Amino acid sequence: MERRTRVRFAPSPTGPLHMGGVRTALYNYLYAKQRGGDFIIRIEDTDSHRFVPGAEEYIIEALNWCGIIPDEGVDSNGKVVETASPRHPHAPYRQSQRKPIYRAYAEQLIANGYAYYAFDTSEELEKARADAEASKETFIYNQVTRMKMRNSLTLPEDEVKRLLEETSDWTVRFKMPENTVVKMDDLIRGHIEVNTDTLDDKVLWKRADELPTYHLANIVDDHLMEISEVIRGEEWLPSLPLHYMLYKAFGWEDTMPRFAHLSLLLKPVGNGKLSKRDGDKMGFPVFPLKWTNAEGETSRGYREDGYFPEAFVNMLAMLGWNPGDDREMFSMEELVAAFSLDKVQKAGAKFNPEKAHWYNREYLRLKTDEELTDLLVPILEEHGINVVDCPKCALTAGAEFNAAGGDLSKHIFTRDYVRSVVAFTKERATFVKDFWDIASYLFVSPEDFERFGISRSAATEGAPRPVDPRAKVYDDSLTAPFLAKDVDKFWKPEIVEMVEKVGAFVKGYDGMWSVEGVEAALEEFIKGNEWPMGKVMNATRLALAGSASGLGIADIVARIGKKETSARIAYAIDRLRH
RNA sequence: GCUGGGUUCGUAUAACGGUUAGUACUCAAGAUUCUCAAUCUUGCAAUAGGAGUUCGAUUCUCCUACCCAGUACCA
42 MERRTRVRFA PSPTGPLHMG GVRTALYNYL YAKQRGGDFI IRIEDTDSHR FVPGAEEYII
102 EALNWCGIIP DEGVDSNGKV VETASPRHPH APYRQSQRKP IYRAYAEQLI ANGYAYYAFD
162 TSEELEKARA DAEASKETFI YNQVTRMKMR NSLTLPEDEV KRLLEETSDW TVRFKMPENT
222 VVKMDDLIRG HIEVNTDTLD DKVLWKRADE LPTYHLANIV DDHLMEISEV IRGEEWLPSL
282 PLHYMLYKAF GWEDTMPRFA HLSLLLKPVG NGKLSKRDGD KMGFPVFPLK WTNAEGETSR
342 GYREDGYFPE AFVNMLAMLG WNPGDDREMF SMEELVAAFS LDKVQKAGAK FNPEKAHWYN
402 REYLRLKTDE ELTDLLVPIL EEHGINVVDC PKCALTAGAE FNAAGGDLSK HIFTRDYVRS
462 VVAFTKERAT FVKDFWDIAS YLFVSPEDFE RFGISRSAAT EGAPRPVDPR AKVYDDSLTA
522 PFLAKDVDKF WKPEIVEMVE KVGAFVKGYD GMWSVEGVEA ALEEFIKGNE WPMGKVMNAT
582 RLALAGSASG LGIADIVARI GKKETSARIA YAIDRLRH
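42 is the number of the first residue of the first sequence in my numbering; add one for each residue after it.
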């Protein structure tokens, strides 16, 4: 009989969702959608001590940002559903609210001999562990030690009854059978066998807070929610035998979900799983969204770092899964169509921040100029640049636009100007915010760099200064806002003369005002004078952009206009006089 | 320690038991351009080690090494 596909992502709200968790959610989502099934979110908050305020909201917002939208568990308003309804017959989806459900199941196991009451206090257990450690052994509460402990297997019936009534810190433990081989199947790993003698008697339910532990809550809820496949992290593989035994003990073997255990995400270098520390150290986020903890420490997020959710999701999907061919670019719909659990890698995947960059660049190039303009405008505004939708709108502000639609002196630009900048610089950008670093000088003149927080001093290059004494002709304060090493290299007296004439030529140029027109005219002018093209162009760029490397001269001139071009050249000559 | 899982270029991965072990990222070189970037071309680079099965092993079996997880009244 074909069962409806129903899978769940069951995070614990003990902190922000890690990117590995996002991947688990994504694989669940893809699996469900491909089979026309349901993707459910369930909040596993059975540990009252580790609850972190805001974590649940964070998890849902993060999944939402990624486009991983639950069919059940969360309502259209993005809140976890608390009461059952036709659309949510399995509510509530927060385990703390399902508290009354679990006790009866724990007692059912006891009644059928699959579990027992344990009265050992945490102090007694700690002592047992310490004693075992002293003799270089590990204490395990299992079929050999349980007969030495205080529980309903060892205590007289009336004593058990008394303790149940009079004390309130007892637990229910699973009675793991002896010497039984549990035969399991994993959708990713294949057949696995484990002998129950290596397993312990896990606590299933705690009287102290009347809550189940993960194992009981998980099995009961997966059963009640009619989960068909459990796709979860590898850290759960060791408890799979217990879960199999629980399904058997409850008599739910016929509807037991199939299991798939995903490998972990590993740190880029060295060994071990990806941690927040690695991200901080190597400069990449490990969380989808920014997160600030109770101590006020902030962790960066992919969203805030400027990643497109599509790029993040695509990158994550390819970490430990492949479509079986060479394709690397996948939209969510394409992932849904192509996904398959048997193409999921068994081994852990080392996360590669470079590849994440590459994905973002690819997705940036896929965006239209219009979309990128929409995203760039707020960033420009943050930097103090004004963008107006139409030239007329700015008339009241007294803007005088050049041919490209910009007023450099008042820092007011039309959307068309911004779009044109986007169009010819998008090949150079990885993130939308890169446009500012690439093209800030198309919005701000060098003399205003400092005021707009743009630096061209050598110190910002990050590299140590050259040791060659000849390389150091100018002091930073003398050359700013021009890049000192480029001043050194290109700002030679004989070249400066030529640059000055280039400025005059542009001022007097009355041909076609386009990148192509300006480019051809400049080339003809420089070559006609038999000047060294490279040296003149680099020195000109230094005057116009503050650095000898960057956008093409004609690209710059065509945007900033005649007046600004000659003004910048004049400023550079004046500033760098010596 | 014990139990379980894992191991193909630096990274992510491909390869009915038969390929010159492929692709992408990174890196390097060349081409191109006024520079830088982009782009194009080329290149560097891997089956953890050892046995066995087989005509033939990256692929199957075993051993060793290394890595990861679990070993809580946490999930």
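Treat the hints with caution; some may be incorrect.
[What the hints assert, rightly or not] Listed next, the in silico DSS-like pairs over lysine-lysine satisfying Cα-Cα at most 27 Å (straight line): (1) K576 with K533; (2) K576 with K603; (3) K474 with K548; (4) K289 with K317; (5) K603 with K433; (6) K568 with K548; (7) K224 with K308; (8) K331 with K247; (9) K604 with K542; (10) K140 with K224; (11) K314 with K408; (12) K533 with K451; (13) K224 with K168; (14) K533 with K603; (15) K331 with K396; (16) K474 with K331; (17) K331 with K314.
Worth flagging that the hints you see were computed from the coordinates, not collected in a lab.
Since the model is a prediction, treat every value here as computed from it, not as a measurement.
Going through the hints against the structure:
| no. | hint | verdict |
| --- | --- | --- |
| 1 | K576 with K533 | 9 Å, holds |
| 2 | K576 with K603 | 21 Å, holds |
| 3 | K474 with K548 | 32 Å, violated |
| 4 | K289 with K317 | 39 Å, violated |
| 5 | K603 with K433 | 22 Å, holds |
| 6 | K568 with K548 | 18 Å, holds |
| 7 | K224 with K308 | 33 Å, violated |
| 8 | K331 with K247 | 35 Å, violated |
| 9 | K604 with K542 | 14 Å, holds |
| 10 | K140 with K224 | 31 Å, violated |
| 11 | K314 with K408 | 34 Å, violated |
| 12 | K533 with K451 | 32 Å, violated |
| 13 | K224 with K168 | 34 Å, violated |
| 14 | K533 with K603 | 24 Å, holds |
| 15 | K331 with K396 | 21 Å, holds |
| 16 | K474 with K331 | 17 Å, holds |
| 17 | K331 with K314 | 20 Å, holds |
Comparing the model with each earlier hint shows violations of hints 3, 4, 7, 8, 10, 11, 12, 13; every other hint is respected.
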